Amino acid sequence: MRLRTTYANVTSTVALVLALGGTAYAGVTLGRGAVKGVNLAPNSVTSPKVKDHSLLARDFAPGQLAGGLRGPAGSLGPQGSQGPAGPQGATGTARAYATVTSTGALVAARSRGVAGVSKPAGAAVGSYCISLAAGIDASSVSPVANADLADPASSSKDYAQVDTSGADCGGKLEVITRHLSIDSTTTPVSIAAHRSDEGFTLVVP
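Here the sequence shown is numbered in this note's numbering, starting from 4 and rising by one per residue.
Bear in mind the hints are in silico, worked out from the structure with no lab data behind them.
These figures come from a predicted structure and were not determined experimentally.
Warning: the hint list may mix true and false statements.
Keeping only pairs whose Cα atoms sit at most 20 Å apart, straight-line, the calculated EDC-like set for lysine to aspartate or glutamate is [stated by the list, open to error]:
no.	residue 1	residue 2
1	LYS122	ASP171
2	LYS52	ASP62
3	LYS160	ASP186
4	LYS175	ASP140
5	LYS122	ASP186
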């Protein structure tokens, strides 16, 4: 007897195969590690499918947790102990420096390369003659002087200038100090400078 293939036969056969295959698939138990990353579709693992508190910080890319897991700032810790003293700094390059009081006294602890300071007889007010140490030629230096506000006689209206030719000091290095007088009652404001004994500092590079 010849078998005839009909649409009904084919349909019933396919349905039987799918039913058996589905049952068999449902009965398979996957082992540990059987599902690999390549088997997961993109974005298929979402928050509801992740067990709470199961991920670690190392599971996230750098910067992903910045600010999100930072706790409140702690209290200020105790003051640390004093560190050891640093090494002695290198010697400066200035050939000479000095601190001179308004009376013409040389402050030895804040001076080097200056042999002495004197007041010239011909210009006793606001003039100081500086004797540099041996080997320092006054004609070959470009010293700088400034009023020393630490001196009781000095104020913010005082200033110091250097005269390398030393007209009042016989050719020695001379420092001239002046005081500014400001009269704001006039129009325009009147400003005058006159020699005045003031404390100053001197640097010879």
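Enumerated hints in conflict with the structure, sorted upward = The structure conflicts with hint 5 only, although it agrees with all the remaining ones.
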